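Each chain, letter by letter, is given below.
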Amino acid sequence: MKARVYVMPKAGVLDPQGKAISHALDGLGFAGVNDVRAGKVIELDLAETDPAKAKAAAEDMARKLLANTVIESFRVELA
Amino acid sequence: MKAAIVVFPGTNRERDMRIALKRVTGRDPLMLFHREELPRDLDLVVLAGGFSYGDYLRCGAMAAQSPIMKDVKAFAEKGGHILGVCNGFQILIETGLLPGGLLRNASLRFLSMDCHMRVERAGTPFTSRWQKGAVFRSPMAHGDGNYFADDATLDRLEGEGLVAFRYTDEAGTVTDAANRNGSARNIAGILSPNLRICGLMPHPEDLVDPLMGGTDGLPMFESLAEAFTTA
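Just so you know, the protein sequences line up as chains A and B, in that order. Quick note: the first sequence uses full-length UniProt numbering, first residue 1, plus one each step. Quick note: the second sequence uses full-length UniProt numbering, first residue 1, plus one each step.
Pulled out of the complex, with its shape left as it was, chain A reads as follows (with noise of 0.2 Å):
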C-alpha cells in the first residue's frame, strides 16, 4: 500500500522558498498569485494492506522523523 505523506511549513512560519517563488513567478508576468508555500511529498511503499493502520504508521513516521512538527505540519494520503 502507497501513502504520500505531504509536509509543508505551519501556517505563520516563515516561508522563504515560497515568497522567493512567488517573486519569480510575478517577474514571468503570472499575474494574480496571493501566496505561494512550499513543502515536500514525501512517498511511502508499505508492506501493510489494512489502510487505518498504513494511514496510523505514516502518520507515525511523519511525526518521528519525516516532518519536524515544529515548523511544520503534515497530512498523509492513502494513494
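By construction, these hints were calculated from the structure, which means they are not laboratory data. Remember, it's a predicted structure, so these values are computed and weren't measured experimentally. Don't take every hint at face value.
[As the list claims (entries may be wrong)] Which stretches of chain B does chain A cover? Using the computed rule of at least three CB atoms under 8 Å from a CB of chain A, they are:
1. 56-67
2. 94-107
3. 139-149
[Said to hold, decoys possible] Derived EDC-like pairs: lysine to aspartate or glutamate, alpha-carbon spacing no greater than 20 Å straight-line:
4. LYS10(A) with GLU36(B)
5. LYS10(A) with ASP176(B)
6. LYS64(A) with ASP55(B)
7. LYS19(A) with ASP144(B)
8. LYS73(B) with ASP28(B)
9. LYS19(A) with ASP176(B)
10. LYS132(B) with GLU158(B)
11. LYS40(A) with ASP144(B)
12. LYS2(A) with ASP45(A)
13. LYS10(A) with ASP60(A)
14. LYS10(A) with ASP209(B)
15. LYS40(A) with GLU72(A)
16. LYS2(B) with GLU77(B)
17. LYS64(A) with ASP71(B)
18. LYS40(A) with ASP55(B)
19. LYS2(B) with ASP28(B)
20. LYS64(A) with GLU43(A)
21. LYS70(B) with GLU36(B)
22. LYS22(B) with ASP209(B)
Even for Gly, the Cβ is constructed at its ideal location relative to N, Cα and C.
We have chain A; now place chain B onto it with these hints.
Just chain B now, kept in the frame of chain A:
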C-alpha cells in the same frame, strides 16, 4: 577536560573545533565516528559544523537518528555538557535536546561572513569568561540558521535566561540589519535549562588564534576548560 567531537559523514568543521579545544586543554579531543560508542568518562561532547548526511530531509535530521546520538542523549540525561555549533546546533534541535527549529535563512542566501554576538547569559560553562553584554565577533557559514520557536517557547527561553547569544551590531545593539538570517528575536544561541547544553549557529572555534585573524571566540573554550578544572 576530556572532550570528544562526534564526526558524521559530511561533518567538516571538526578539525577547527579540535584546534580550539586543544588550545585550551593542551591535548587532543577524541574524534568519534558516528558508529562508535561514547566513552563513559567524558566531560564534554561537541557536535561540530558541516552538512551531516548531505542535509537530507532537514539539516541535522539524519544525524539525529544515528546510533551515537542515543549515547549523546543518555549523556545529556546524566547531566553531561554538550556544545553544538552550526550543524551541531541543528542536530541538537532535531534530537530534541534544545527547543525550536532552524529555518532557511530569511534571505534564502547561504551566509558566509562575520557576525557580532552579544553575550546574554554569563556565568555558564560556555560563557563564564565573558561579562554579560560583552560583544564579540564570530565567523558564520550556514544556509539554515533562522531560529524559530513559538512565542510561548521564546518567552520561556527569555524568562529563564536561556538565550545565550544574540546577533547585534558591533556596538551591541540589537538591530534587524545585524540579524542576517532572520532569527526570532535575534537569537543566535540558546541553553538547556540545566545550562549544560549550548547550541549556536556561528563558529567561535574559527577565531581562537591570532593567526586566524583574532581570538574573539577563545573565551568560550576557556570557559569550558575552566569549568572542568575547578570542578
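Okay, the hints, checked on the actual structure:
1. With 4 residues bearing a CB less than 8 Å from a CB of chain A, the segment 56-67 of chain B meets the requirement of three and the coverage assertion stands.
2. Counting residues of the segment 94-107 of chain B whose C-beta lies closer than 8 Å to any C-beta of chain A gives 9; at least three are required, and the coverage claim holds.
3. Restraint check on the segment 139-149 of chain B versus chain A: 3 residues with Cβ-Cβ distances below 8 Å, three needed, restraint holds.
4. Annotation: proposed proximity of LYS10(A) to GLU36(B) is violated, straight-line Cα distance about 36 Å (limit 20 Å).
5. Between LYS10(A) and ASP176(B) the CA atoms are separated by roughly 23 Å; this puts the pair beyond 20 Å, and the hint is violated.
6. Straight-line distance between C-alpha atoms of LYS64(A) and ASP55(B) comes to about 17 Å, which keeps the hinted pair within the 20 Å bound.
7. Distance check on the hinted pair: LYS19(A) and ASP144(B) sit about 16 Å apart at the alpha-carbon level, within 20 Å; holds.
8. Straight-line distance between C-alpha atoms of LYS73(B) and ASP28(B) comes to about 23 Å, which puts the hinted pair past the 20 Å bound.
9. For the proposed pair LYS19(A) and ASP176(B), the alpha carbon gap of about 19 Å is at most 20 Å, so the pair holds.
10. At most 20 Å may separate the alpha-carbon atoms for a hinted pair to count; LYS132(B) and GLU158(B) meet this at roughly 14 Å.
11. Of the pairs offered as hints, the one joining LYS40(A) and ASP144(B) holds, with about 17 Å between alpha carbons and a cut-off of 20 Å not exceeded.
12. With a C-alpha separation of about 5 Å, the suggested pair LYS2(A) and ASP45(A) falls inside the 20 Å cut-off, and the hint holds.
13. For the proposed pair LYS10(A) and ASP60(A), the alpha carbon gap of about 18 Å is at most 20 Å, so the pair holds.
14. Our distance criterion of 20 Å between C-alpha atoms is broken by LYS10(A) and ASP209(B), whose separation comes to about 42 Å.
15. A threshold of 20 Å between alpha carbons decides the hint, and for LYS40(A) with GLU72(A) the separation of about 10 Å falls inside it, so the pair holds.
16. For a cut-off of 20 Å, the pair hint linking LYS2(B) to GLU77(B) stands: about 18 Å separates their Cα positions.
17. The hinted pair formed by LYS64(A) and ASP71(B) meets the criterion: a straight-line CA distance of about 18 Å does not exceed 20 Å.
18. For the hint pairing LYS40(A) with ASP55(B), the CA-to-CA distance comes to about 15 Å; that is within 20 Å, so the pair holds.
19. As the CA atoms of LYS2(B) and ASP28(B) are separated by approximately 9 Å, the hinted pair is consistent with the 20 Å bound.
20. At most 20 Å may separate the alpha-carbon atoms for a hinted pair to count; LYS64(A) and GLU43(A) meet this at roughly 16 Å.
21. The suggested pairing of LYS70(B) with GLU36(B) holds, with an alpha-carbon distance near 11 Å, which does not exceed 20 Å.
22. Proximity of LYS22(B) to ASP209(B) is assessed by CA-CA distance (about 12 Å); at most 20 Å being required, the pair is judged to hold.
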